[in-house]
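Enquirer: Construct the complete structure from the given sequences, taking the supplied hints into account.
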Amino acid sequence: MTGLDQKQQMQQLEAKLAASKQRGAPKPRADEHYSQANMAWRMVIELVAGLGIGFGIGYGLDVLFGTLPIFMVLFVMLGLAAGVKTMLRTAKEIQDKQQAEPAEQDTPHSGKDEGA
Numbered sequence: 001m002t003g004l005d006q007k008q009q010m011q012q013l014e015a016k017l018a019a020s021k022q023r024g025a026p027k028p029r030a031d032e033h034y035s036q037a038n039m040a041w042r043m044v045i046e047l048v049a050g051l052g053i054g055f056g057i058g059y060g061l062d063v064l065f066g067t068l069p070i071f072m073v074l075f076v077m078l079g080l081a082a083g084v085k086t087m088l089r090t091a092k093e094i095q096d097k098q099q100a101e102p103a104e105q106d107t108p109h110s111g112k113d114e115g116a
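Positions 1 to 116 (our numbering) are the ones given, in order, by the sequence shown.
It is possible that some hints are incorrect.
[To be verified] When the alpha-carbon atoms are kept at most 30 Å apart in a straight line, the in silico DSSO-like pairs for lysine-lysine are as follows:
1. K21 <-> K97
2. K85 <-> K97
3. K7 <-> K21
[What the hints assert, rightly or not] Simulated restraints on C-beta separations:
4. Y59 <-> I94: 26 to 34 Å
5. Q105 <-> R42: 43 to 51 Å
6. D96 <-> S20: 32 to 40 Å
7. A91 <-> Q8: 53 to 61 Å
8. E104 <-> L17: 24 to 32 Å
9. A81 <-> K21: 50 to 58 Å
10. F55 <-> A19: 55 to 63 Å
11. A103 <-> R23: 23 to 31 Å
12. Q6 <-> R42: 55 to 63 Å
13. A91 <-> A15: 40 to 48 Å
Source of the hints: derived by calculation from the structure; they are not laboratory data.
Since the structure is predicted, the reported quantities are computational estimates derived from the model, not experimental observations.
Where is the CB? At the ideal position from N, CA and C, for every residue including glycine.
Expert: Given below as structure tokens:
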């Protein structure tokens, strides 16, 4: 074998390795884009959970102290505020993620393969 044959074999082997790495690379999950409905349900659940926890604490305090439903009303309002705050945080997280996706796509790739 001459040096030229070895060079060609080496290039073929490198091409096969690159193709194999590309096949084995993790593919983006197709179900990641279902997230609009999923995030909407998440936000609804966060709001309802805040209301439910506030109701439970307020009702428990009213039963414990034997008061009118003053604690229940107070803690339901606090639960509503906490649920809305959590929903807004989730909405900001979604917005940040959506703004980051185009930025990642616009970034140029490293020039390792170019010019070879």
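Enquirer: Take the hints in turn and mark each one as holding or not.
Expert: Hint check results:
no.	hint	in the structure
1	K21 <-> K97	holds, 28 Å
2	K85 <-> K97	holds, 19 Å
3	K7 <-> K21	holds, 21 Å
4	Y59 <-> I94: 26 to 34 Å	holds, 33 Å
5	Q105 <-> R42: 43 to 51 Å	violated, 25 Å
6	D96 <-> S20: 32 to 40 Å	holds, 36 Å
7	A91 <-> Q8: 53 to 61 Å	holds, 57 Å
8	E104 <-> L17: 24 to 32 Å	holds, 26 Å
9	A81 <-> K21: 50 to 58 Å	holds, 51 Å
10	F55 <-> A19: 55 to 63 Å	holds, 60 Å
11	A103 <-> R23: 23 to 31 Å	holds, 28 Å
12	Q6 <-> R42: 55 to 63 Å	holds, 58 Å
13	A91 <-> A15: 40 to 48 Å	holds, 47 Å
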